[in-house]
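K.L.:
Protein sequences appear in the order of chains A and B.
Residue numbers for the first sequence follow the working numbering, so the first one is 263 and each next one is one higher.
Residue numbers for the second sequence follow the working numbering, so the first one is 163 and each next one is one higher.
The hints are simulated quantities; they were obtained by calculation from the structure and are not laboratory data.
Among the hints, a few may not be true.
To be verified - In the DMTMM-like style, the derived pairs of lysine to aspartate or glutamate whose C-alpha atoms are separated by at most 20 Å in a straight line are:
1) B:220 with A:395
2) B:220 with A:393
3) B:220 with A:327
What the hints assert, rightly or not - Derived coverage of chain A by chain B (criterion: at least 3 residues anywhere in the stretch with Cβ under 8 Å from a Cβ of chain B; other residues may be distant):
4) 310-324
5) 329-340
6) 421-433
Backbone N, C-alpha and C fix where the C-beta goes; we use that ideal spot for every residue, glycine too.
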Amino acid sequence: MGTSFLAFFEQLAESSWSIELHESQYAYSIIESVHVWTLCVFFGTVAMVDLRLLGWIMPGVPVSEFARRVLPWTIAGFVVMVITGTLLVYAIPVRTYQSIFFRGKMLLLVLAGLNMWLFHARVYPKVAAWDVDHVPPRAARIAGAISLTLWCCIVFSGRMIAYNWFDCDRQPQPAIVNFLASCVPTE
Amino acid sequence: MDPLPFFQWCYNTPVGEAIRNSNWLFAIIEAFHLVGLGLTGGAVLIVNLRLLGVGLRKQPPAQLWAATQPWLIGSVILMIASGTPLFLSEAIKCLYSFAFWVKMTSLFLVLLFTFTFLRRVVQMDLASDRPQLGRVTAIISLVLWFGVAWGGRWIGFS
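Build the full structure now, drawing on both the sequences and the hints.
P.N.:
Put into structure tokens, the structure is as follows:
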């Protein structure tokens, strides 16, 4: 399983588009910049919605109003994040696949998605009952707090992918790092 | 006045030196800087999108401005508190970086614009009075904020 994933990313790395993107003078920098700037739209609007769920901001604005007017911007930001993020992985496939920060980030993304899904399936359907409450019920506050924490951690781990502290080609690494990054020992 | 001695002094501060000598500090501080960027973006967008006539458009701009202002100020303080040590660690590079000066100029202008002009515009009855004023204000503010973000990102490429 692990090796077939590695083979897939190795194959990506050999494609001419990946090499061109990797070696490009401006394209990579621009894609990376768009990824960072879009934080303002994506993370910024997520944070505002989460803060509203916590009851810390704009208590006078109904939660459903936030969902209707602000979340479309969040989704648009997320689409840009995914497109630019995928291109960044595509430009440096093997190293990114073996980065413990990238792996941590993907895991946190799944958890953030799960949290969002639980909120929309279990908590949000009853929003009419607490739409105008200045402080939403406990379940909504917890979902907001988890979301805000996870997205902060995702920003952190995303930033750390750029650093090569734990790269497979920098040995010796602690056994736990080699295990988590599924480094293939070269002898 | 020659700015070089001041930038050299910044570069040689213990904080600057500690960050340069550490493998981790720059990265960790920068991650906080990025969280601050996102929060600033959120607070700025809520008000400016409203001035453009989208987003939370049922609420009066004055209400959104009042509600987001503490978060805007808080996140800008987080940006400055994390950005200053980053600057100290590479002050001399910044002195010769075009992007750094674009960023600092835009930051000064956008803060000035926000806390003098924009804060008055959000109090006006834009819908009936001056439909264009809100839009122009938002565009100027967003362009200036983008200057800050562009410069910030581009310092890293120089």
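K.L.:
A separate judgement is required for each hint: does it hold in the structure or not?
P.N.:
A quick look at each hint next to the structure:
1. For a cut-off of 20 Å, the pair hint linking residue 220 (chain B) to residue 395 (chain A) stands: about 17 Å separates their Cα positions.
2. Pair hint residue 220 (chain B) plus residue 393 (chain A) holds up; C-alpha atoms about 15 Å apart against a cutoff of 20 Å.
3. Under the criterion of a C-alpha separation no larger than 20 Å, the hint pairing residue 220 (chain B) with residue 327 (chain A) is consistent with the structure, at around 9 Å.
4. Only residues whose beta carbon comes within less than 8 Å of a beta carbon in chain B count, and the segment 310-324 of chain A has 6; three or more means the coverage holds.
5. Coverage of the segment 329-340 of chain A by chain B holds in this model, with 3 residues showing a Cβ closer than 8 Å to a Cβ of that chain against a need of three.
6. Against chain B, the segment 421-433 of chain A contributes 5 residues with a C-beta closer than 8 Å to a partner C-beta. That satisfies the three-residue criterion, and the hint holds.
Checked against the numbered hints given earlier, this structure breaks none of them.
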